[in-house]
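Protein chains: 4
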Amino acid sequence: MANFKGHALPGSFFLLFGLWWSVKYPLRQCWRRGQPRGRSRLPQFFNRIDLVEGALKIFFAFVGIMAEQFVPDGPHGHLYNQEAKSWVKLMNWQHSTMYLFYGISGIADVLSMTSLPIPPGLDRLALSLALFVEGFLFYFHVHNRPPLDVHVHSLLLVAVFGGSISTLLEVFLRDNPVLELLRSSLAILQGTWFYQIGFVLFPLNGVQWDLTLHDNMMFVTMCFCWHYAVTLLIIGLNYSLVWFIIRRCSGRQINDMEIGLRKQPPSDRSSQKALLQDSEEE
Amino acid sequence: MANFKGHALPGSFFLLFGLWWSVKYPLRQCWRRGQPRGRSRLPQFFNRIDLVEGALKIFFAFVGIMAEQFVPDGPHGHLYNQEAKSWVKLMNWQHSTMYLFYGISGIADVLSMTSLPIPPGLDRLALSLALFVEGFLFYFHVHNRPPLDVHVHSLLLVAVFGGSISTLLEVFLRDNPVLELLRSSLAILQGTWFYQIGFVLFPLNGVQWDLTLHDNMMFVTMCFCWHYAVTLLIIGLNYSLVWFIIRRCSGRQINDMEIGLRKQPPSDRSSQKALLQDSEEE
Amino acid sequence: MANFKGHALPGSFFLLFGLWWSVKYPLRQCWRRGQPRGRSRLPQFFNRIDLVEGALKIFFAFVGIMAEQFVPDGPHGHLYNQEAKSWVKLMNWQHSTMYLFYGISGIADVLSMTSLPIPPGLDRLALSLALFVEGFLFYFHVHNRPPLDVHVHSLLLVAVFGGSISTLLEVFLRDNPVLELLRSSLAILQGTWFYQIGFVLFPLNGVQWDLTLHDNMMFVTMCFCWHYAVTLLIIGLNYSLVWFIIRRCSGRQINDMEIGLRKQPPSDRSSQKALLQDSEEE
Amino acid sequence: MANFKGHALPGSFFLLFGLWWSVKYPLRQCWRRGQPRGRSRLPQFFNRIDLVEGALKIFFAFVGIMAEQFVPDGPHGHLYNQEAKSWVKLMNWQHSTMYLFYGISGIADVLSMTSLPIPPGLDRLALSLALFVEGFLFYFHVHNRPPLDVHVHSLLLVAVFGGSISTLLEVFLRDNPVLELLRSSLAILQGTWFYQIGFVLFPLNGVQWDLTLHDNMMFVTMCFCWHYAVTLLIIGLNYSLVWFIIRRCSGRQINDMEIGLRKQPPSDRSSQKALLQDSEEE
Chain A
1 MANFKGHALP
11 GSFFLLFGLW
21 WSVKYPLRQC
31 WRRGQPRGRS
41 RLPQFFNRID
51 LVEGALKIFF
61 AFVGIMAEQF
71 VPDGPHGHLY
81 NQEAKSWVKL
91 MNWQHSTMYL
101 FYGISGIADV
111 LSMTSLPIPP
121 GLDRLALSLA
131 LFVEGFLFYF
141 HVHNRPPLDV
151 HVHSLLLVAV
161 FGGSISTLLE
171 VFLRDNPVLE
181 LLRSSLAILQ
191 GTWFYQIGFV
201 LFPLNGVQWD
211 LTLHDNMMFV
221 TMCFCWHYAV
231 TLLIIGLNYS
241 LVWFIIRRCS
251 GRQINDMEIG
261 LRKQPPSDRS
271 SQKALLQDSE
281 EE
Chain B
1 MANFKGHALP
11 GSFFLLFGLW
21 WSVKYPLRQC
31 WRRGQPRGRS
41 RLPQFFNRID
51 LVEGALKIFF
61 AFVGIMAEQF
71 VPDGPHGHLY
81 NQEAKSWVKL
91 MNWQHSTMYL
101 FYGISGIADV
111 LSMTSLPIPP
121 GLDRLALSLA
131 LFVEGFLFYF
141 HVHNRPPLDV
151 HVHSLLLVAV
161 FGGSISTLLE
171 VFLRDNPVLE
181 LLRSSLAILQ
191 GTWFYQIGFV
201 LFPLNGVQWD
211 LTLHDNMMFV
221 TMCFCWHYAV
231 TLLIIGLNYS
241 LVWFIIRRCS
251 GRQINDMEIG
261 LRKQPPSDRS
271 SQKALLQDSE
281 EE
Chain C
1 MANFKGHALP
11 GSFFLLFGLW
21 WSVKYPLRQC
31 WRRGQPRGRS
41 RLPQFFNRID
51 LVEGALKIFF
61 AFVGIMAEQF
71 VPDGPHGHLY
81 NQEAKSWVKL
91 MNWQHSTMYL
101 FYGISGIADV
111 LSMTSLPIPP
121 GLDRLALSLA
131 LFVEGFLFYF
141 HVHNRPPLDV
151 HVHSLLLVAV
161 FGGSISTLLE
171 VFLRDNPVLE
181 LLRSSLAILQ
191 GTWFYQIGFV
201 LFPLNGVQWD
211 LTLHDNMMFV
221 TMCFCWHYAV
231 TLLIIGLNYS
241 LVWFIIRRCS
251 GRQINDMEIG
261 LRKQPPSDRS
271 SQKALLQDSE
281 EE
Chain D
1 MANFKGHALP
11 GSFFLLFGLW
21 WSVKYPLRQC
31 WRRGQPRGRS
41 RLPQFFNRID
51 LVEGALKIFF
61 AFVGIMAEQF
71 VPDGPHGHLY
81 NQEAKSWVKL
91 MNWQHSTMYL
101 FYGISGIADV
111 LSMTSLPIPP
121 GLDRLALSLA
131 LFVEGFLFYF
141 HVHNRPPLDV
151 HVHSLLLVAV
161 FGGSISTLLE
171 VFLRDNPVLE
181 LLRSSLAILQ
191 GTWFYQIGFV
201 LFPLNGVQWD
211 LTLHDNMMFV
221 TMCFCWHYAV
231 TLLIIGLNYS
241 LVWFIIRRCS
251 GRQINDMEIG
261 LRKQPPSDRS
271 SQKALLQDSE
281 EE
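As they're listed, the protein sequences go chains A, B, C and D.
Note that full-length UniProt numbering has the first sequence beginning at 1, numbered continuously upward.
Note that full-length UniProt numbering has the second sequence beginning at 1, numbered continuously upward.
Note that full-length UniProt numbering has the third sequence beginning at 1, numbered continuously upward.
Note that full-length UniProt numbering has the fourth sequence beginning at 1, numbered continuously upward.
Looking at chain A on its own, in the form it has when it is part of the complex:
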């Protein structure tokens, strides 16, 4: 699917999940902060959401695999053409493989939410693995292409492997608010960058980019940073919005707790933060 749509489809998936995470995690963090200290429980509501998220991942992965296989110029499930002695549409098969691992990550998510004895952190490992496989396949994906084409895909790899490492850290540092925001931001970045790749390689206005010009590569590198700056802005806005709404709804409760905290023997600011973090990490 080497066209604009072929990049917009995965881009939309990542954008959707990134935006959703940038709302979900602040919501969870604010909820916990609003609770009195001690092992506060998250409402059942949050578990159901995670379950739906996992199910959606499986569904999207399934849609992605089907789309890659059964588009008109797809391989339709054929891998090797005995007559022509050649592989059939390997590009589509590679994309299917990427979706497959996101499906596995979805299955791990769903299983983690059941009462089965799944080791904690397995869902994050599966997601980290899905991102790694995506980056791994992309890495060997772009040989023999024009320099700018290679470069925009290499930049994508920064977001993909960055997300993979950040998610791997979450296996060991679960519920770390900074890592959760980092993962959300890298998912949004990946989403918007897929769109950008589409715009660069298949321009909507029809004016082709010069795929060998060094200046274009320099611009694209810088543009990647701008995407991330905008992503950080979105994350910040969503965080503020969630915090403002939560504060409105459960208003007085938070104020009380904050006053309570201020009444404690005053201590170093960072230790106060550490306290808050404790109550978040439970």
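These aren't lab readings, by the way, just hints derived from the structure by calculation.
One should not assume that every hint holds.
Claimed, not checked - Label-pair ranges, simulated between beta-carbon atoms:
#1 C:D210 / A:N144: 35 to 45 Å
#2 D:I245 / B:F59: 26 to 36 Å
#3 B:L173 / A:R247: 33 to 43 Å
As the list claims (entries may be wrong) - So, partial list: chain D residues that the calculated Cβ filter (under 8 Å) puts toward chain B:
#4 F172
#5 L173
#6 L182
#7 T221
#8 A229
#9 F244
#10 I245
#11 C249
Unchecked claim - Derived DMTMM-like pairs (lysine to aspartate or glutamate); straight-line CA-CA distance at most 25 Å:
#12 B:K89 / D:D149
#13 D:K89 / D:D73
#14 A:K85 / A:E53
#15 B:K85 / D:D149
#16 C:K85 / A:D149
#17 C:K89 / A:D149
#18 B:K5 / B:E53
#19 C:K85 / A:E83
#20 A:K5 / A:E53
All values derive from a computational prediction rather than experimental measurement.
Glycine included, C-beta positions come from ideal geometry on N, C-alpha and C.
Starting from the known structure of chain A, arrange chains B, C and D on it as the hints suggest.
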């Protein structure tokens, strides 16, 4: 031993150990989970198993070294030919060196099970080292070979170094269930991939692969991911099977404990998992 | 701004911040050590200082962006020249982007000092990110330049990425005195090295360096190490100075505490250190 | 000093320190294990030893710098020859720089042993830095040399950077017995490998090696692994020896404690080990 058997032999070793680990670790985890909280002890049984495992490693390493040295076209212990002024069968010597470090790992395993004051984590460090040495030697192993040959061995390195890093983490995060499953899966992957290398370079049906065709490389990259997907399936099946059998055997006990847990002041699901993990990690 | 001033400007910023940190962090560490055990509080004074630091970062970033855009030969806000079909002054745009992320880091600093519920560690993540973006853009910045030019900028990357990784660790190991000193030293190193790049590429005495001579590259590599040795000396002097002054001011108090410590059941020296560290880390 | 002695000198330093560490750390570990639980103190003896070690490092670094500068064909403190417009003996200057950072590491060791408020872990950071600088300078040291020359120095870098990373971990995981043994082993490896480089590049029997033959490179890679296998053997022997002697001297005491441990409610073997580790790490 540049033939199919030369790849099937180490492949079988890794496959065997990987499959065994994928049964042993779930067994240990389920056993601990089934115990009442507090520092439950593993039955002596598990220590004996680890001892046997270490002894088997030493034995296999010994067999491997002997095989590499004394096959008909092996170096028979000769390293340098003074007359021809050349090294004798360096490939076999390199393989012997790899086996040697697995032997050292086996010795570390056995020593860790005795009552000697071995620093905890040394067995994992020795295994990590053995994997590193394997990867290190393979890395300088494949110069001047056809592209596909280099590529299938490079993919092997992903499994080898991945296993080495994951095992190194276990030095510091001992008994982490996720890392144990990761190590098991990477061992199985290495095993099946050794077989795949054999099939690609020495096809059983006699039809040689084109070792320079780019499409073959793309397929092989993807195939590596499929191997890992199947590996994950095997790990999952073994985990379920072990859990199901343990549940059958010690049935009521687990149920009781789970009800016990559910009666506790209900808390966030992830904290409940953390509890379980605590009891696992002791 | 490919001239001496263009390298002296960022160099001065980094030097200023590095020197300031090399005073601030020893001050905080000594203050805490001087307090009786238990969660001692840092005076409000330190929070105000951090606030001013964040505000200064935003101001400097703003100055930097404006300078890059509106110097006589700058892009004046124009990105693409429709007539010439070419990008306008991409170098200046890249530098503006770097400053932008330092501005974002400043905003994160300021927000962390307010009473808003910012996740702890976000300020360090933002700084780490700003350093990463700087290194990332520099990495693609130096294609098609003479070898020595490439080499001095590559050496800069060691300081930049080193600082980025060290600051990233601080997200998880906040208030670690060793990491704080490491960050200070890498900032000073970056500052002095920017000056050195200026001296090498635009020598003040007008005698151009031979940008292709291998010996020059060897000298420059070694010179980089000397810069760091001097940096360590500065850090050490500042640390001693701060410690000496604090000791003078709050003299008796520290002595008392140290005697108190010595009266404790004597234990291993490293454990005593660990105690001190605890009281630092709170 | 491109001759055999020039490689034997640093090799001897590293070998000496590696062997010494492989005795010192087991000694400390066994001593602690022999003490009753709780924060046992190391005898003043160990601090004095560390002080002497630091002083020796400073002395050796000083000797190294002097030797590099004032050997007959050294630079004698001259850096730039104004007349010839060229740098003077950069190789010797680079080696002096390496020694300088080991001197700084020695100073950090000595300061850490005084009663000054040095942040704990600074001595390990300084050592890690010295190793990093050594590797960093070697990395840019070997351009334009024959392949085998480059290769033996690259293998050295594995030991150097491995040691640097392992020592960096010790900043955060101080007194970890596994990391201490790893550092000792990598120091011995570096020492013996320096000798090996000397033997390969300046053979004592006068028969030059073919510096371009691929087989030689394969042998050397394998030989590096053998060096490490021998290193592990030495480490193991020293550990056993120390343990055996300590057991002899303070015999009964250890036995008592072990019986004490066995009388505790029996728990998982690994948890028992963790206990022991706790008492080691204090």
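Right, here's what the structure says about each hint:
no., hint, in the structure
1, C:D210 / A:N144: 35 to 45 Å, "holds, 38 Å"
2, D:I245 / B:F59: 26 to 36 Å, "holds, 33 Å"
3, B:L173 / A:R247: 33 to 43 Å, "holds, 38 Å"
4, F172, "violated, 10 Å"
5, L173, "holds, 7 Å"
6, L182, "holds, 7 Å"
7, T221, "holds, 5 Å"
8, A229, "holds, 6 Å"
9, F244, "violated, 10 Å"
10, I245, "violated, 13 Å"
11, C249, "violated, 15 Å"
12, B:K89 / D:D149, "holds, 23 Å"
13, D:K89 / D:D73, "holds, 9 Å"
14, A:K85 / A:E53, "violated, 42 Å"
15, B:K85 / D:D149, "holds, 20 Å"
16, C:K85 / A:D149, "holds, 20 Å"
17, C:K89 / A:D149, "holds, 23 Å"
18, B:K5 / B:E53, "holds, 24 Å"
19, C:K85 / A:E83, "violated, 49 Å"
20, A:K5 / A:E53, "holds, 24 Å"
Of the numbered hints given earlier, the model fails hints 4, 9, 10, 11, 14, 19; all others are met.
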